[in-house]
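What follows is each chain in one-letter form.
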Amino acid sequence: MEGKSALEIEKKIIQILISDLEIDPALLSAVSSDTPLLGRGIGLNSVETLTLVAGIEGAFHIQIDDADLTTELFKSLGTLAEFVFHKIAEQGD
Amino acid sequence: MKTIPEMFFSVAKRHAKRAAVVDGEKVILYETLERRIRALAVRLYRMGIRQGDRVALLLPNGLDFVTGYFGIAAVGAIVVPLNDHYQHTELLYFLDECDVSLLITSKDFAPLCDQVLAMRKSPCQLFWAEDLPDSFETDDPCSDDFNTAIAPETPVTYQFSSGSTGRPKRIGRAHTNLLFELDSLIQTLEVTPEDRFLGIAPFSHVNGLMRSMMASLRAGATLYPLARFDRQVLAETIEKNKISIFIGVPFMPSMLAKSHFRRQPDFSSLRLCMTASAPMPKKLNRQFYENFGIYVRQLYGSTETGTISANLGPGVERSLDSVGTPIAGVEVEVFTDDGRMAKAGEIGEFAVKSRATVKGYDGLDEVNQEAFRDGYFFTGDLGKRDEEGLLYLVGRKKFFINRGGYKIDPREIEEILGSHPRVEEAVAVGVPTPFGDEKVKAVIVLNGPCTEDDVVEYCRGKIADFKIPSLVEFRESLPKSPTGKIRRTLLRPEA
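Chains A and B, in that order, give the protein sequences. Everything in the first sequence is counted per the numbering used here, starting at 1 for the first residue and increasing by one. Everything in the second sequence is counted per the numbering used here, starting at 1001 for the first residue and increasing by one.
Extracted from the complex, chain B is given alone in its bound form (with noise of 0.2 Å):
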């Protein structure tokens, strides 16, 4: 299996009558999964889509999600996926960013769609979801013209990473790199075909991504997505399904440990509770265990490398702040400053070794040269490894903003809102939330009148909700060094 379809199709011949997904009432099995992936890249190979074009998934967690990722990497096409909380300029920027030439959504995204097609100045097609095809017509003269080799090394999805500067780089995930990051995934947690992932992390990014979707379907387990963070939807799901394997962000349990339920759900199926993308505070995390009888456990990673870490020791009670040891395969090292080796318990940079690691940022060789060095990816997270090697992150060397999980640049931001007419310099920083994450705070000089709610809803419908600002400061100048540029670590509250 050297490619993300043949391993996909292998798994469904092995499995082909155990269930694949469970997606509200629809039991789908492996074959049947199969058979509709098949289908599809039929349909997209008719419609002129070939190995290394773009197409894009504007789609909420589901059957569909799964269907159009698989079926687009069928045909040897880069997968682009889109959060579906995106806005007309987020899309906009993504589609032509990865040139795009055709874009799998479902009819309740049309409105959005239709502007922000109109808006692009090369052709992208649609494919609605409502229309996947439900089966393989095995005597369609068609159906294996797709199945065509695919190169290993050539890409199957594009991400995003928010980097120190400008807007979201691309990075070119290769079908090598996914498949050494699943297999270290499923060894170092000792998934099995008897697993059941819950898929509530939103599959548009690599946490939701690889760590339920793509490691479900490649042990041979079945994925229950959620397509919404719903708290007694997740509960019921995880109780009634007898799920094993919960992997979320850290707000997810953070939530469910603080709700109050009529009747406190039963999560001992649960084997594995684990969050990533930001840190798990420790004061919820003793809750969940206390209503819920299971610690969450930390993972680490990025989009850049793929998963690097994970919490899985005895006596997590006394390392909950702590992102584990390496993964199966995964190198990290600490350096300092001064390019050494840092010492047990010395702060550092980490860097990352390992086959799931990419080669660098698409068409950005000045950012790559700095990053990229002596096979190490640099991540930018500042951390220290403990006595007994683990791992613990402290900081970042790189601004952004974190915001539930999602990095946002700050600069994103910024961008809109010194397009407001009033607004003469802007800057967004992280302010941290009880929850581990950060919100978003937007510090404005004006040159006319304006109040915090013309600024809110301003960005309205222009970026997606979650990286909107909730706090707005208004001040007659922005802190800046001799050189004119502006100290955020001052604009930030630990400052």
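Same shape as in the complex, but just chain A (with noise of 0.2 Å):
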């Protein structure tokens, strides 16, 4: 987990949303921490946001269980990116 910020977390989701979801960048230049990733927010349905922690996944070499994913956890960027960083806290090499 070292040197794995919650902003640099947050930054590397962004990095997901683009390669992965393949969401315009113009579209995420503002989004910040308080960005809720679902609704009026990015709007990831259910199924992209399964798609996004499958990234989140890769990326980080952690296991996010499936009965984790609430809307809570959706939240905002900064939420999930809290999230993460305890996952790798808990799972990390």
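Please keep in mind that the hints were generated in silico from the structure rather than gathered at the bench. Nothing here was measured: the structure is a model prediction, and the numbers come from that model. Glycine included, C-beta positions come from ideal geometry on N, C-alpha and C.
Away from chain A, derived, C-beta distances all over 10 Å, residues of chain B:
1. G1052
2. A1342
3. K1359
Partial list, computed: chain B residues near chain A (C-beta under 8 Å):
4. R1231
5. Q1232
6. M1255
7. K1258
8. H1260
9. R1262
10. V1456
11. D1465
From these two lone chains plus the hints, build me the complex, please.
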């Protein structure tokens, strides 16, 4: 987990949104920690959230249980990054 | 065995002590499942359900869906399976279109059902799955009343197919259609009672219904239904229960291939992993093979015809794109635009002939004349047959959006978008994803201030989540032909 701050994780998540979900980078230029990932934010649907999670798992070598994929987790980019931060601490090499 | 209930009761008698369904911790033997089904049939009969009546099922995959399906069929009524992601507009449409007189659902859907049934003009009874009877009272004087002769040529299931225009079209699949498809499928896939099927594709859709639920129960095998796609639960179910057949949609193995597991699950029990309803991306198929030691093989079918072909041959790594060869008893021809049979490698429209194919869409004579000709159903799918006889899909004649295997009629989305007060004109198109399906894009001309979020939020609750546009583009105008028809091809990314 060395060197992986929540902010760096956020940046990586944004990269995954661009590479794996093919979201236009211009649309993501204004996102912040508070930007919701669902609904009136980035607007991910259920299929897209799972795609994002699989991308995060590959990038950080962690397993995220689907049972943890609640609406609360995707409340904002910041909440997801925070969750990933703790998962890395829990499972990281 | 000429009808679906006869088929089930015969299999249940032969395999009485074998496990029919394993739903979580519940292990249901064929004899127990038969009692549940007969008990439900009695209850339905007492509630006034008779042959030809339409009974809808709004339930996730599970024991209750299985019981509901065969219970309805046992009375001779027609099963209307409904996608449990549907919202009130869609449910109302399907209930009205099928003239449903009873709905079997779970109390989880109570608020939605109350809302929908209040909007219906004709009455519809509700039956809660939580009240499903667990046993069959053999001394019940009414117990055999439902058991009257059912004509094999009459429909047992109503399903819907996206056509080239208009709302989804109703198809009545007869007992004979389903039995023929099941026997062909079982013969082709060499299914035995020793097989263990994963029931993860939705049973409300032809793929999950026929190729997992029905195929398993027809063969006397064991069905392991899963209500929703959860990667860890799915992987654990395969490993723990030594699942031998997993038939899903491409998104499922694609996600498993991409996922990081702390311990790689053991899928060595799988002898068949297949997908249908959308193309399986080659790159992810290879990744799946690297991770789990088995290639995903493609199946091809339609609601009108049932299963058409399967790629089961050796050397699959050289033909991952192929949907294989026709299954037993199914004939596929490729016709060019000028109506002649295509040569090997030449692209044309797939036309299918088999006893599993329906005679036509209900009440749509004009559409039927176009789609059902010379004993063939013209699928609208474009493809080719290679020198070895393998079929390849390359596109489609009809416009619909393939979202994770669900064929969405774009006009259904356009109708919702068009009802927004700030929308002047709207078109929905499919944008390819890395998973072989498409996401929904809305291209909109506005007549007043409106944001992308406004559009998405407006759709929420009116249509299922998977139909809500992932992308919204605003334009000054839409490209049109000289006759004023919107040129959809110019709005798709490959154009």
